[in-house]
Amino acid sequence: MGIKAIAKVKHDVATVKLLVRHPMSSGKLGGGKGEPKFINHLTVKHGGRVVYDMYPTSAVSKNPYIKFAFKGAKKGDVIKVWWQDNTGASEKKDIKLK
Amino acid sequence: MLKRLIKIAIISMISGSIVFAANFNAQAEKDRKAFVNYFLKKFQDPVKNHAQYFPYVSVAEIKKDYRYPLSFQDFQDGSLAWYKPSREQFAELNEFPAYSLEVDDGEALWNKPFANGKTYSSCFPKGPGVRNDYPYFDTKTNEVVTIGQAVNACRVKNGEKPYKYGKGKIAKVIAYMAFKSRGKKIHVTIPSMAAAKAYEHGKKEFYKQRGYLSLSCNECHVKSAGKRLRAESLSPALGQTTEMPVYRVKGNGTLLTLQARLAGCVKGTGAEKPKLQSKTLRDLSYFLTYMSNGMKLYGPDTRK
Chain G
333 MGIKAIAKVK HDVATVKLLV RHPMSSGKLG GGKGEPKFIN HLTVKHGGRV
383 VYDMYPTSAV SKNPYIKFAF KGAKKGDVIK VWWQDNTGAS EKKDIKLK
Chain S
131 MLKRLIKIAI ISMISGSIVF AANFNAQAEK DRKAFVNYFL KKFQDPVKNH
181 AQYFPYVSVA EIKKDYRYPL SFQDFQDGSL AWYKPSREQF AELNEFPAYS
231 LEVDDGEALW NKPFANGKTY SSCFPKGPGV RNDYPYFDTK TNEVVTIGQA
281 VNACRVKNGE KPYKYGKGKI AKVIAYMAFK SRGKKIHVTI PSMAAAKAYE
331 HGKKEFYKQR GYLSLSCNEC HVKSAGKRLR AESLSPALGQ TTEMPVYRVK
381 GNGTLLTLQA RLAGCVKGTG AEKPKLQSKT LRDLSYFLTY MSNGMKLYGP
431 DTRK
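These protein sequence lines map, in sequence, to chains G and S.
Numbering of the first sequence is given in this note's numbering, commencing with residue 333 and proceeding in unit increments.
Numbering of the second sequence is given in this note's numbering, commencing with residue 131 and proceeding in unit increments.
Chain S extracted, bound-state conformation:
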């Protein structure tokens, strides 16, 4: 009798923990659904809810310049999704996109073997089209791993010097990988308690106010998405990671990775620039990419 009781107790404990194991992303799923619903609701009918969400634009301008309603996949285009004048200009620019040269460079770098004869395919056996697998949480090292770190880890493993992060050669290699991953869906998972903690840290960084203007990511890219900031139209945070690495037209055209873009934006709002691949930025990118789960990638792309 006692043995039976112990057996039942053990079985129920194991099944209980299996149920708990699947729930590390319970809070994250709630956050994500709320996030997506906010944006879908906001851009559903800007004319009708113009007083609540777009108070500084006239109804006539909304009817002329805004594109609505937006579907979930439309958010891959960032601010080009809802602002028609920019969208037309960029459609022209993308007839023969300038980033095609960077993708060609990236392809040459990907195919060139290292000094020991191996290529990147030895570390990425599924090929270059794996951009949607990053960032992911490595349960062995308990860290968020970004695609830039993975590329450099491959180089170091094969005896090469790692690239500098942010722009340059590493951006070109990632651009080639992103180009090959077009159409694949983002599928970030939260597999453990430590991963949930990293997600929560990223969430905190997103909503944290910084710098002398006390701005947070949330202020411009959630609350003010759809509004304009001087001459710029603010992009919504939903789908912001789908176009990485991004070819920025400003400054004579540079290809930037997600890490460089996050750090640059923080610096641009008047706060101290975080280090590339620091825990702050990696966890932030983990949170931000999780919010766009299910969206198809379209990288690289041209933005202002």
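This is chain G alone, in the form it adopts within the complex:
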């Protein structure tokens, strides 16, 4: 569905901002006839180590914005973002740290 990212490294610390395109709907709004579709697991890995792990529910609004920081990063490193939702769809993307 699309993941936009801004990832910068300053000294040893990487600050990552992600905008994940996803409806995150509970299926109950507007008459409530749709099926729920929301991300229920999102992980970011750096060099094999998990640096961000998230288990959201339908309470998170659409197109979630995620911001976090971690130590031990260098410019040019690649982090891998992966999410899956309750219907089984998933997406992954590699992001280069600037």
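Everything labelled a hint here was simulated from the structure, so no lab data went into it.
Here the structure is a predicted model, which means the values were calculated and not measured.
One should not assume that every hint holds.
[Unchecked claim] Residues of chain G clear of chain S, computed beta-carbon distances all greater than 12 Å:
1) V341
2) R381
3) Y384
4) F402
5) G408
6) Q416
[Unchecked claim] Each computed BS3-like pair below joins lysine-lysine, with the alpha-carbon atoms no more than 30 Å apart:
7) S:K242 to G:K394
8) G:K430 to S:K310
9) S:K409 to S:K310
10) S:K426 to G:K336
11) G:K349 to S:K426
12) S:K310 to G:K340
13) S:K299 to G:K349
14) S:K171 to S:K193
15) G:K365 to S:K160
16) S:K409 to G:K336
17) S:K171 to G:K424
18) S:K327 to S:K315
19) G:K336 to G:K377
From the three backbone atoms N, C-alpha and C, an ideal C-beta is built for every residue, glycine too.
Fit chain S to the known structure of chain G by using the hints.
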């Protein structure tokens, strides 16, 4: 001798009418200067003139929460210009703005060719960065033309179905155009008598009281700009069109055009919702945009 007299008479008539032609916006300029001066004066020193303009806020709260004095360009931020707590929250929100997804969609829609092979560039030869050229008064049809109408006119001319106004795909295309027009100045002109009439109609609509609360645009966005309405801080009418189309955080985030926002606000004050792209709303947007002449655009932007 008679011929000479007739020549002089004709020349003076022509020069007289040229002088008159430039004056279709004489009244509008007077209105605009008064409008701008009112707001600049109001937000110059809220502590000093607190009794006159901000009677329901304590001086301590003004010193803590209000940002002043405001320059002319500051009014592009609406209520975020003067209310510090909102401004800080929105600065955080805009670190990675949610409307960036809408602008990307708009770019894809702009670049996708129609069924006949042409793109929007054939109707907008200067490119998408022309948001500041709208709304304008078309002297051939004697109507105010908004950017939404221009986009749909382009679609119909090339054999496509027009978009529905207000939100959705048309808002995304306009968002892309607005994004490309950031920093350009508003420059609405009044080129004819009919345009001056449309301006006057828009002005009347702005000051007209409507609905069961008898509220007018003027009541909340001029007289009460800087005050609070329940949990909202009212935005000043100066610079209100610079952030269009606006990404509203309420209701799970929707991108709305100026037409939808004007109609929605009228409905929200308890009056009958005007039709999008009706003469009422188009003339009102003509008046409102004229008042912000000279201000740089910054669209789209996030608002509550």
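Here's how the hints hold up against the structure:
| no. | hint | verdict |
| --- | --- | --- |
| 1 | V341 | holds, 17 Å |
| 2 | R381 | holds, 24 Å |
| 3 | Y384 | holds, 16 Å |
| 4 | F402 | holds, 17 Å |
| 5 | G408 | holds, 22 Å |
| 6 | Q416 | holds, 20 Å |
| 7 | S:K242 to G:K394 | holds, 26 Å |
| 8 | G:K430 to S:K310 | holds, 25 Å |
| 9 | S:K409 to S:K310 | holds, 28 Å |
| 10 | S:K426 to G:K336 | holds, 28 Å |
| 11 | G:K349 to S:K426 | holds, 29 Å |
| 12 | S:K310 to G:K340 | holds, 25 Å |
| 13 | S:K299 to G:K349 | holds, 27 Å |
| 14 | S:K171 to S:K193 | holds, 17 Å |
| 15 | G:K365 to S:K160 | violated, 55 Å |
| 16 | S:K409 to G:K336 | violated, 40 Å |
| 17 | S:K171 to G:K424 | violated, 54 Å |
| 18 | S:K327 to S:K315 | holds, 24 Å |
| 19 | G:K336 to G:K377 | holds, 16 Å |
In this structure, the hints that do not hold are numbers 15, 16 and 17, in rising order.
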